[in-house]
Amino acid sequence: MTKNFYLRIALSAILLMHSVISIFSGDVHNFGHLYLDTIGFSPFGLYLAWTVKLTHLLSVPLLWFDRYIKPVAFSNILIFMLGIYLIHWQNGWFVVGGGINGIEFNILLIFCFFNLIYPEISLKNRV
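Residue -8 is where the sequence shown starts when you use my numbering, and the numbers rise one by one after that.
Among the clues, some could well be false.
When the alpha-carbon atoms are kept at most 16 angstroms apart in a straight line, the in silico EDC-like pairs for lysine to aspartate or glutamate are as follows [said to hold, decoys possible]:
(1) Lys(-6) x Glu111
(2) Lys61 x Glu111
(3) Lys(-6) x Asp57
Quick list of the computed label-pair ranges, beta carbon to beta carbon [said to hold, decoys possible]:
(4) Gly89 x Ser33: 16 to 24 angstroms
(5) Trp41 x Thr(-7): 31 to 39 angstroms
(6) Gly89 x Pro62: 32 to 40 angstroms
Keep in mind the hints are simulated off the structure, nothing from the lab. Beta carbons: idealized from backbone N, C-alpha and C, even for Gly.
Taking the hints into account, I'd like the entire structure generated from these sequences.
As structure tokens, this is what we get:
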């Protein structure tokens, strides 16, 4: 339970905050109907938006208890990659500073999840 403890707690906190706030603010509904439906996912935009948020929410306790880490990581990586493609790519790299709503945060999260999947990768020469 101590392997990647701080990384798992940080990722779960980020996923928890993004899920809970967007669920209670109504952003999931708006994202599904006002965005996903209009870019070709109609009539499934709302279901897709809820799938994303519930995946994030379900990931939280699994990360806390170090269970099913690979499926959790792969599903979240897929979500973040689709987010980059559908939303963030057109806004460039920066989330703030040099721009807004860019890809840098998603890239960081993707690599954090890759670290959970492959924690023992070494770049040293193996002799």
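The hints, checked one at a time:
1. Of the pairs offered as hints, the one joining Lys(-6) and Glu111 holds, with about 11 angstroms between alpha carbons and a cut-off of 16 angstroms not exceeded.
2. For the given pair, Lys61 sits about 14 angstroms from Glu111 by alpha-carbon distance, which is consistent with the 16 angstroms threshold.
3. In summary, the hint linking Lys(-6) to Asp57 is supported, as the alpha carbons are separated by about 8 angstroms, within the 16 angstroms threshold.
4. Roughly 34 angstroms separates the CB atoms of Gly89 and Ser33, a value that falls outside the hinted 16 to 24 angstroms.
5. Take Trp41 and Thr(-7): their Cβ atoms lie about 33 angstroms apart, and the range 31 to 39 angstroms holds.
6. Between Gly89 and Pro62 the Cβ separation comes to about 35 angstroms, which falls inside the hinted range of 32 to 40 angstroms.
Going through the hint list in order, the structure does not satisfy hint 4, though it satisfies all others.
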